[in-house]
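From first to last, the protein sequence lines stand for chains E and L. With my numbering applied, the first sequence corresponds to residues 1 to 259, in that order. With my numbering applied, the second sequence corresponds to residues 1 to 325, in that order.
Simulated from the structure, these hints should not be mistaken for laboratory data. The model shown is predicted, which means the values in this text are computed figures rather than measured ones. It cannot be assumed that every hint is accurate.
Ranges of calculated distance between the beta carbons of each label pair, as one might list FRET restraints [said to hold, decoys possible]: (1) L:Pro218 <-> E:Ala150: 24 to 32 Å; (2) E:Asp167 <-> L:Leu52: 44 to 52 Å; (3) L:Thr153 <-> E:Arg111: 52 to 60 Å.
Virtual Cβ for every residue (Gly too), placed ideally from N, Cα, C.
Letter by letter, the chains look like this.
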Amino acid sequence: MSDRTLAPLGRRLCPVVAHARHGAYDVVSVLDEGPAPDPGQFYMLAASERWGGGADERPFLPRAFSVLRRHEDGRLDFLFEDVGPGTRRLCELRAGDGLWLLGPLGIGFRRPEVGRRPLLVGGGVGIAPLAIWQDTLGADAQVLLGFRDARHAAGAGLLRDARVATDDGSVGHHGLVTDLLREELDGSCVVYACGPPPMLEAVRARCESAGVPAQLALESGMACGFGACFGCVVPTRSGYVRLCVDGPVLDAADLELVA
Amino acid sequence: MTPDQRPSRPGTPLSGGPRDQFLGLELAHPIINASGTFDAIAARRAFGDALLARFPFAAFVSKTVTLEPRQGNPPPRLWELAGGMINSIGLPNQGLAGYLEHDLPQLAELPVPLIVNVMGFTRGQVGELVAAFAEHEEVAALELNVSCPNVETGMIMGADPRETAALVAHVRPLTRKPLIVKLTPNCTSPGDVAAAAEAEGADAVSLINTLRGMAFDPRRPGIPWLGGGTGGVSGPAVRAVALAQVAEVRARVEVPIVGMGGVQNGRQARDMLHAGADIVAVGTESFRDPMAGARVAAELAESLAYSGIAPGPHGSRREPIAHNA
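Could you put the whole structure together from the sequences, leaning on the hints where they help?
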């Protein structure tokens, strides 16, 4: 019995079927015939054109992305924010383009123990795996999201009934998503979080002092996604682990600090 | 054991036979992996037993094993650059005892011959590692990673012909298994080093290892990006260097050559054979696609059939296929 949904061996070329803007973010949908991913699992993505070997020098390596949402017909949605040559290329994808896809990879979120109330905490583009997790958990899951400004907070519409915080106060609570966490957290919770490292560290520290279990979906630069390159390690209490095969979701208790 | 008890060198060039010979091993095709660019155990966790059914390489070279366990370098460990990447991984591994207990039994289940890559910080350490694998039947050959300093002399073992010769002379009597010396491109003359390795009984050489490189943090000017300070450049960016070094080494040695460096497709693998390699290793391209090895092998077969050049040992002496039909 495997601890994850296995990936078909080899990357596959999938057609892009839709593109939509959500404020600062792009959502790209591809039609995939692979297995349904576990929430929190990720894929290695590379555009079929102008990606390694083309006229452009970069991107060269594929990029790792958690899946935002899976539809019944096999469509997978990915959430991108243009922050560099790889994400820029992915944001440009439109219906009719091709996307190389390898996955689903890694270990996703584990279900809450019976009686524990799931609290989903996301920041920025890190809200992606929380959407598919909310789809799975249903109405029991409470969602808290933090963004820089209103343009980014438009991403909150990708999840249902989220409480929102923004750095500039333009939408929802003026402050950090961890302020909302402080209000909502109690001893019966289990926290699932994904976002920038300072946010994850604040969540980890908060949950530790409250004695609440937490699962953190981490990010790291990754060349391969299947354990080959050893590039994506993060320090844990038991030494370095590869996020791609031992994560990307780790128990907060295994981490001393999210750096 | 004496050198004449070693397995015999590979035979004459194949004339269009279905299989390739390398160090007496029957290979289904001439593509293997570069050490440290594919972890068959982790890949089996990700892809399941499909990996065994469709294993992408004709032989598997495992990641460098050292005597003691190593954590590896602090992150960040990767930097993407124009046509490739720099890695600063630092050879994390469980050490010899951990490898023998955990890795070797799993790697023995692979459907292809296993080549174990070893590295030590003294000749004595390399000797211990070589001797430890001498009686393990599941190990088909050993590859010596000589891209590290000998802490007793301060010299990079593979950067100086005398240093390399002394190392190979020390370990040669310790095993009957074929010994492959993995040459470093970070030296004055890979040809001299290869010739020294051959003279002391190396059965093959493999090249190139990564070229030393460096990158700076774009957000913190002057601060090196990689946790290890510098790292190794790989990918298509190094292919031209690899071709030239393989050709240089081919001119100096008779033993088989494993050619590698930025090979992404069959045509580039064919170029590597033309430069003088007997078989070709795929490295960084496997990061982009785990089945790259199988794809390159298929493209190479097509490319060779088209060009009328048969793959086989000793690239410089390869005979054209006779087209009688």
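Hints, verified against the model:
1. L:Pro218 <-> E:Ala150: 24 to 32 Å: 28 Å Cβ-Cβ, so the 24 to 32 Å window holds.
2. E:Asp167 <-> L:Leu52: 44 to 52 Å: Since Asp167 of chain E and Leu52 of chain L have Cβ atoms about 50 Å apart, the given range 44 to 52 Å holds.
3. L:Thr153 <-> E:Arg111: 52 to 60 Å: 57 Å, holds
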